[in-house]
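Visitor: Could you put together the complete structure from these sequences and hints?
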Amino acid sequence: MSMNSVGRPTRPETANDTVDTHATLTGARGLLQDEALIFERDGWHKTGVDLPEASAPADDLNSLLRTAPIGLPGLSEPEVVRHYVRLSQKNHAIDLALYPLGSCTMKHNPRLNEKMARLPGFADIHPLQPQSTVQGALELMDRLAHWLKTLTGMPAVALTPKAGAHGEMCGMLAIRAAHEAKGQGHRKTVLAPTSAHGTNPATAAFVGYTVVEIAQTADGRVDLADLESKLGDHVAAIMVTNPNTCGLFERDVVEIARLTHAAGAYFYCDGANFNAIVGRVRPGDLGVDAMHINLHKTFSTPHGGGGPGAGPVVLSEALAPFAPTPWLVHGEDGFALVEHAGEAGAETAFGRMSAFHGQMGMYTRAYAYMLSHGADGLRQVAEDAVLNANYLKARLSDVMSPAFPDGPCMHEALFDDSWLEGTGVTTLDFAKAMIDEGFHPMTMYFPLVVHGAMLIEPTETESKQELDRFVVALRALAHAAKSGDVERFKGAPYHAPMRRLDETLAARKPRLRWKPVAEAPLAAE
Amino acid sequence: MRYLPLTPDDRAEMLGVIGVDSIDALFVDVPTSARRAGTVDLPLHAGELEVEREMAALARRNRSAGEGSFFCGAGAYRHHVPATVDHIIQRSEFLTSYTPYQPEIAQGTLQVLFEFQTQVAALTGMEVANASLYDGSTAAAEAVMMATRVTRRNKAVMSGGVHPHYVETIDTLAHAAGVATQRLAVAIDAEDAVIAAIDADTACVVVQTPNVFGTATDVTRIAAAAQAAGALLIVVTTEVVSLGLLKSPGEMGADIVVAEGQSIGNGLNFGGPYVGLFACKEKYIRQAPGRLCGETVDADGRRGFVLTLSTREQHIRRDKATSNICTNSGLCALAFSIHMSLLGEVGLRQLAAINHEKARALRDALAAIPGVEILTSRFFNEFAIRVPGKAAELVETLAGQGIIAGVPFSRLDAHAGLDDVLLVAATETTLDIDITFFAKVLAKVIAQ
Chain F
1 MSMNSVGRPT RPETANDTVD THATLTGARG LLQDEALIFE RDGWHKTGVD
51 LPEASAPADD LNSLLRTAPI GLPGLSEPEV VRHYVRLSQK NHAIDLALYP
101 LGSCTMKHNP RLNEKMARLP GFADIHPLQP QSTVQGALEL MDRLAHWLKT
151 LTGMPAVALT PKAGAHGEMC GMLAIRAAHE AKGQGHRKTV LAPTSAHGTN
201 PATAAFVGYT VVEIAQTADG RVDLADLESK LGDHVAAIMV TNPNTCGLFE
251 RDVVEIARLT HAAGAYFYCD GANFNAIVGR VRPGDLGVDA MHINLHKTFS
301 TPHGGGGPGA GPVVLSEALA PFAPTPWLVH GEDGFALVEH AGEAGAETAF
351 GRMSAFHGQM GMYTRAYAYM LSHGADGLRQ VAEDAVLNAN YLKARLSDVM
401 SPAFPDGPCM HEALFDDSWL EGTGVTTLDF AKAMIDEGFH PMTMYFPLVV
451 HGAMLIEPTE TESKQELDRF VVALRALAHA AKSGDVERFK GAPYHAPMRR
501 LDETLAARKP RLRWKPVAEA PLAAE
Chain A
1 MRYLPLTPDD RAEMLGVIGV DSIDALFVDV PTSARRAGTV DLPLHAGELE
51 VEREMAALAR RNRSAGEGSF FCGAGAYRHH VPATVDHIIQ RSEFLTSYTP
101 YQPEIAQGTL QVLFEFQTQV AALTGMEVAN ASLYDGSTAA AEAVMMATRV
151 TRRNKAVMSG GVHPHYVETI DTLAHAAGVA TQRLAVAIDA EDAVIAAIDA
201 DTACVVVQTP NVFGTATDVT RIAAAAQAAG ALLIVVTTEV VSLGLLKSPG
251 EMGADIVVAE GQSIGNGLNF GGPYVGLFAC KEKYIRQAPG RLCGETVDAD
301 GRRGFVLTLS TREQHIRRDK ATSNICTNSG LCALAFSIHM SLLGEVGLRQ
351 LAAINHEKAR ALRDALAAIP GVEILTSRFF NEFAIRVPGK AAELVETLAG
401 QGIIAGVPFS RLDAHAGLDD VLLVAATETT LDIDITFFAK VLAKVIAQ
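Protein chains in written order, with full-length UniProt numbering: chain F, 1 to 525; chain A, 1 to 448.
These are calculated hints, taken from the structure and not from any lab test. A quick note: this is a predicted structure, and the numbers were derived from the prediction, not measured. Built from N, CA and C at the ideal position, the CB exists for glycine as well. Just to be clear, a hint being listed does not mean it is correct.
[Claimed, not checked] Taking lysine-lysine pairs in the DSS-like style, the calculated list, with each CA pair at most 30 angstroms apart, reads:
#, chain 1, residue 1, chain 2, residue 2
1, A, Lys320, F, Lys509
2, F, Lys509, A, Lys281
3, F, Lys188, A, Lys320
4, A, Lys320, F, Lys182
[Said to hold, decoys possible] Anything over 10 angstroms on all C-beta distances counts as not near chain F; from chain A, calculated:
#, residue
5, Arg152
6, Ala229
7, Leu351
8, Val372
[To be verified] If the Cβ cut is set under 10 angstroms, some of the chain A residues that face chain F in the computed set are:
#, residue
9, Gln117
10, Met145
11, Glu168
12, Ser341
13, Ala439
Guide: Structural data, given as structure tokens:
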């Protein structure tokens, strides 16, 4: 049945068999232009900027001067614009449609935040210009810190970590410094549940700890008995994600904290999922000692295809003295920075996480978002994030198999692949078919503790109408899978800019850059 | 609350579908003691106009670089960013996309990363590059850790010309991981001194060119000495525009190059977000940190791009991962890549030449002031001067007269005994009148 014979499909369920069988001469697909690499275009001697002439360099640089060409193509400004605009059109984005990646919180990125971050008073100031000339920036950092401390019920915050994993490292280094200060440097073990983000054990190991896993109960929580059996005076800390990566709140979190503290260890909480509880639950009340907060997740700073992130870490009284430099202090003449460990005011700082003061451009965006929502709005954020996830779970549970059917989930709904058993369709196939329906797939195969995991996080900025559209599409796909329409899934995606890509080939024959001498095209194996 | 689309009716209907009578029923797993009834003690939501006013009031209390004479460098540089760069990175499909985990609908981001990797490799003169790290300093720390994995040795020798913030960042990570660091004495022409410090335990030598005092160095001999001893040479560059004029680290024999890419396409932003460049010899790539984008084909045989070699990463390797890197600086890397594409070979060389010319003009103007001594002889766009008295106090005095005069070395390292040293930088954004004004006021202040 061709499109022409039935007319334009008006319902998602009817857009079934529109496989593209008409190859074009150029490789383009209508408005979707095939775009060569920027290195494969003519005109290497052009430039897209107008700069004045300069005199020859000084003689004392003679032996240091570049003689060989760099190997960079040059294009005019309109050519560059067209190149990147064409590329942009091959991307999915939250501004285009739902982006339900579990554990990644892809929500609306307000343009007001972009406008605020670009005020010259924030964007065009140097990290090392005199502190008397950046009092507004330092006050913004102080206010951001106040909001984070108030929302988490924690007394201190280190702003500088540049991403969530960097924040984990900050927290673990503070824990290590605290143990060393108490003469407890022999504590070399970190406990992490099997359901933890992979970054948790990676971070602990990277800073010199041995990682021991804690088992999980049948209902997706930390196994308290296993935790108790593994605690001891060799343990430095436990790292728990809460809400956890199964989308569940750790019911026993207070008891986990109590047991951990009784053993002389610290409680690190991965706060990636803070948007599920912001304004309703303060991690400080749960007994947390350190927790990073991904500003790009809970506070909407855009992720830009992979970053930048920002991962401030809130700290308990016990860990606060060890926070990394720079420290922001409020003196008689206004705000000041103590920039080096060991200096007056930061005697006990464990060191420095990076040059300068962290992700200022993200602080401005996050703070503008906080002001926009306020205390009332942020509480509503948590409620709507949880409501949306539970709504999806409720509406999909009869056609898909929820991994933990009993009780509510938090901000994300986790399914496994048992409902696909016998259909010949895998989680990956199902995900690729979602692309054809105009949705970004959910997170696949994570968390590792659930077979064929599908982790769906709608976030609080999705409307009921959009969720319903998503539900209709997923239910239709589920029925198609169960009715034996395997080809729809195996060949998917059919309608994306690219068909399914060979990730194994890329790893087996790594080709990580374009080379001036043409290489033979890669071919599927 | 304009960002939250659910209406009260929606919420009621959805609770009905779920089968609970209130939102509280969905928070039932939270211990009673931790459930908060009301709102936290913070202001309530504000409209767009109110937010703009509050933010603008804070911004006005900062003196931006564009307001006049400005000479700060020391790892962050003010360059002109073409309007096109900011326009393109704000396109929704770039700004609001996530990590390209579904390559079929992320080819825009992936092709950009592949092109970025190629640009960085070309610029640094290396075989391969990754898809960016957080910034130059964290990239340097990761490079040191990588060198310990490659060489199975446990000591890093750091030149006294490396930016002190970079040294502190490396030290923090190295200390935690049990890697020893040896920092050599701070010196304006410091790079050659590292050769004598290389021994059988040395995993890597870390040098910077142009270094923190602006000194440009040919590191060929250091590379040879390091490699002869079985160590790797890590070259740090905090001002990548210099690579448009100077020999690349790759040409001089570097094994790993890390750089701060902020200078191309990215603003000062009070220190971040920036973009860490990381390039190395191809044989070390499986030990490299961070994301990599690779070429492949799709089911129709068409060329496409995917994230690859991720078996090194935390989400798969967990406690055996090769780095602490999870995210990268995607959007900042995009800005870098667009600006680099606009410049091209011709534009980058021209830009570098102008930077050098401006810095020489600044040098000539300051050298003529009695009491000022120029300390750096071979520089690109930044150099150190000695002033009478404390540089930090001088900078405060000049700030009061509308000049952001540079970075006192004591701000970077308070214990080096260089309180009278000031780092000054000039770029294409430095106007001749800025230089004239600076020299005139500085001469007057020193004479007083």
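Visitor: Quick one, is the A:Ser341 hint okay against chain F at 10 angstroms, beta carbons?
Guide: Status holds, d = 5 angstroms.
Visitor: Verify the proposed pairing of F:Lys509 with A:Lys281, using a straight-line Cα cut of 30 angstroms.
Guide: holds (16 angstroms)
Visitor: Is the nearest CB of chain F more than 10 angstroms from the CB of A:Val372?
Guide: Since the minimum Cβ distance to chain F is about 19 angstroms, A:Val372 lies beyond 10 angstroms and the statement holds.
Visitor: Confirm or reject: A:Arg152 is not an interface residue toward chain F, with every Cβ-Cβ distance exceeding 10 angstroms.
Guide: holds (17 angstroms)
Visitor: Using the nearest Cβ pair, does A:Met145 come within less than 10 angstroms of chain F?
Guide: Holds, because the Cβ-Cβ distance from A:Met145 to chain F comes to roughly 8 angstroms (cut-off 10 angstroms).
Visitor: Does F:Lys182 sit within 30 angstroms of A:Lys320, going by the straight-line distance between their CA atoms?
Guide: The hint holds at about 29 angstroms.
Visitor: Minimum Cβ distance from A:Gln117 to chain F below 10 angstroms?
Guide: holds (5 angstroms)
Visitor: Let's test the interface hint: is any C-beta of chain F closer than 10 angstroms to that of A:Ala439?
Guide: violated (19 angstroms)
Visitor: Closest CB-CB distance from A:Ala229 to chain F, is it above 10 angstroms?
Guide: It holds; A:Ala229 is separated from chain F by about 24 angstroms at its closest Cβ, greater than 10 angstroms.
Visitor: Would the hint linking A:Lys320 and F:Lys509 be met if the CA-CA limit is 30 angstroms?
Guide: holds (23 angstroms)
Visitor: Classify the hint on A:Glu168 as holds or violated, based on whether any CB of chain F lies nearer than 10 angstroms to its CB.
Guide: holds (4 angstroms)
Visitor: Quickly compare the C-alpha distance for F:Lys188 and A:Lys320 to 30 angstroms and report which way the hint goes.
Guide: Distance ~16 angstroms between F:Lys188 and A:Lys320 Cα, so the pair holds.
The structure is inconsistent with the numbered hints 7 and 13, although it conforms to all the rest.
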